[in-house]
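Asker: Protein chains in written order, with this note's numbering: chain S, 1 to 124; chain D, 125 to 823.
Do not rely on the hints blindly, as some may be mistaken.
What the hints assert, rightly or not - Going by beta-carbon spacing under 10 Å, a handful of chain D positions derived as facing chain S:
hint, residue
1, PHE250
2, ASN590
3, PHE591
4, HIS635
5, ASP640
6, ASN685
What the hints assert, rightly or not - List of simulated lysine-lysine pairs, DSS-like, C-alpha gap at most 25 Å:
hint, chain 1, residue 1, chain 2, residue 2
7, S, LYS99, S, LYS117
8, S, LYS13, D, LYS358
9, S, LYS22, D, LYS664
10, S, LYS99, D, LYS697
11, D, LYS616, S, LYS22
12, S, LYS2, S, LYS26
13, D, LYS358, D, LYS297
14, S, LYS26, D, LYS619
15, S, LYS22, D, LYS612
16, D, LYS753, D, LYS680
17, S, LYS99, S, LYS22
18, D, LYS358, S, LYS45
19, S, LYS13, D, LYS402
20, S, LYS22, D, LYS626
21, D, LYS734, S, LYS73
22, D, LYS725, S, LYS73
23, S, LYS74, D, LYS734
24, S, LYS26, D, LYS612
25, S, LYS13, D, LYS725
26, S, LYS74, D, LYS725
27, D, LYS725, S, LYS25
28, S, LYS13, D, LYS612
29, D, LYS612, S, LYS109
30, D, LYS664, D, LYS612
For the record, the hints were derived by calculation from the structure and aren't laboratory data. Just so it is clear, CB atoms sit at the ideal spot from N, CA and C, and this is done for glycine as well.
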Amino acid sequence: MKILVVDDEQDVKTLFLQRFRKEIKKEELEFMFAFSGEEALEKLKSITQEAVLILSDINMPGMSGLQLLEIIKKDYIAPPPVVMMVTAYGDEENYNTAKRLGADDFLTKPVDFKLLKDKLIQNI
Amino acid sequence: MLIGFNGFSQNTSAENQMDIEALVLSISEQLELPINDSTHVHQNILKSIRLSEQVNDKTYLIKSYFNLSKWHENNTTLDSVLYYLEYAERVSKDSKLPNLEAETYLKKEDAYKQRGEYGNAMAEDFKALELYEKTNNKQGIATSYTRLCDLLYYQQKYEDGSDYCQKAIDIQKTLNVPKELAVSYRYKADNLLILERYDEALKTINKAIAVLKDANSEETDLARNYNTRGNIYKYMERYDDAITEYKKCYKIAKDHNSERGIIVALANIGHIYRLQNKNEEAITYTLEAIDLIKKSGNIQNLKENYMHASDSYEALGQYKKALEYEHLYSDARFGELEQIIEQLESELQIKYESAKKDETIEEQDATISRQRKTQLLYIGIAALLGVFLFGMYFTIKNIKNKRKALALLNSELAENQEALEGANTKLKQSLEELKATQNQLIQSEKMASLGELTAGIAHEIQNPMNFVNNFSEVSNEMIDEMNEEIEKGDLKEAKIIANEIKQNLEKINYHGKRADDIVKGMLQHSRKSTGTKEPTDMNKLTDEYFRLAYHGLRAKDKSFNAYLESDFDENLKTVDVIPQDIGRVILNLFTNAFYAVEEKKSILESEDYKPTVSVSTKKVKDHVLISIKDNGNGIPQENIDKIFQPFFTTKPTGKGTGLGLSMSYDIIKAHNGELKVKTEKGNYTEFKILLPITNTLTS
């Protein structure tokens, strides 16, 4: 299963690659990165056949994480990707909207990587 | 047509001279007669001015101005009369023609006299007198004296008037000027009559008549003197003699077909018969006079004749008729008074209105005190009229109402005055309040933009701090791993990990600095402007505030989103600006841009609309052009002119101070730059900042 991380911060990629370097080495986890909602959709098109877990930030210029979530949940029926949203702490509004739009799980910023690791392994 | 004056340009100068002479004289003559084609005369006067200027003949130029002035007199526009006389005055002064200059003064005197400005008229007279004395022009001196005498008569200074007449007489006796001499005698007689020195008056007017008869003067010149003699006889109660004089006047007037002369004579005769208690005869003459006055359209003397008629009817016991004419008399009298009051009132009204409209508050103070003086004068005049009214007409039934109306008018004037003063005080107060509020608002605009920043700053700081924390944590773990590899002896792997740790430390450093910059920026924004320019990386500054503005809005409105496009010119080095101030401008323009796209989005509710804000920098010769563009609904044409005005805002109350763009404009101006706006309804708004680069501080 591929994990698609969507965040407008370029260094998120470096961080993930380091945080999960052991899992990547052992090929337990496979990561893809997109720096905007639009790029995420492009990437998804290229891997339509595979099962995917999406981890997306909400606050992004252009297409926001919520719009991305809405499109994914509407257009990608099979196989249905698991979408995990990263929200800022105390941001009830975005949390509720994401839930209504069908987000599968949530993470709050700053991301606790231990918790994330557990969740990812659990999902896979 | 007068004479054909076309083609003068081909004529010689001498011919032109003659043409002008003929033209000016003919116009002067025409102006003395009843005019049939006034516009034609006017055209000819203008032609004569043009011709005189062409051949540079000042005398005829001045005379043409006299004619132009005179023409306006016939058209009862006294201002124009004086206006053209001032032209004549200037030309005569410049070309050193003292006699014409003096003549101008006398004409001005006459104009002022017509308006009842006797003070000004006297001044003009004295100017003429001085000039005549300088050039030893005896006739002129005498004329000036005679004129002064007349003016003094109007000002009820009969003694002085009579003295000046005597001065004129003394001079005129030595000259051969019977007409002028007679006029001086007549004026003197008029003055003496009022002074009730009847015998002297009679002697004087007899001299006037004798002089004219010796000189074989025309009957028309004599008529006025007969009239004066009749008046003197009337006051001496020598009624039969008076009637003889007035009948002479009547005959002359009839022979020369002078309507006015006939009317005056008839009225006078009627009045004498009335005084003699020959009421039947009196009525006949008076009614005929009234009839002619009405036909003539000039109502001068009408009311006196009404009074005389009423008196005569009363004496005859015809009370109904008497009452009828008394009413006519009082109505005519009130009509005149009301006209005067109306005139005063409208003058005051005009002054009030123009003062209200045009004066700034400070100026109004001065104006009000001036107005108060003027007004007091007018009130004084009005009050005098009131007293006059009361004294003269208390027998008339409706006097009370009229007096009430006058009193009401006076109190209204006073009220207007009070109201204006009150309004002025209020205006002053509110101006001070406004100034204080304005200062507060400028301060709160700074604070508000800081508030907009705070949320953005929090978000902006959070991301780098997360990276700092994460990279340091992960580096810690990696050092453990590296040690493990060293113990295993796998130095190659240890080296790879060490390199990654080094990279992470760089990341930590980078994100730490990023947070640092943001804090610095915030401090800079809140700090008072130092007012000093420093070399500033305009791309960085723009980018920083672009994101701060965006996240600031996002923090306030979670659902807000927009596409950000940026295009920074890499060739742009530093620009000398006051960074806090320019930052404020950019932040303000971004905030407006985001507000515009958000507004359009909420109105459209369409998925097709892509709210976009774009920014670009571009080096254009020695300037930098910063463009901030949004694809919102644009600025309506009617607001374009107002957007840079302080306190203009289209945002709902509490959402904008209306100071953002006006402050921005001032800041850019202070940088010798330009702030321009381009907009299209429903499509976009683009603000362009043009700043000189002037890198004086860097190499």
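Asker: Of the hints stated earlier, which fail here?
Answerer: Hint check: 1, 5, 8, 9, 10, 13, 17, 18, 19, 25, 27, 28, 29 and 30 fail, others pass.
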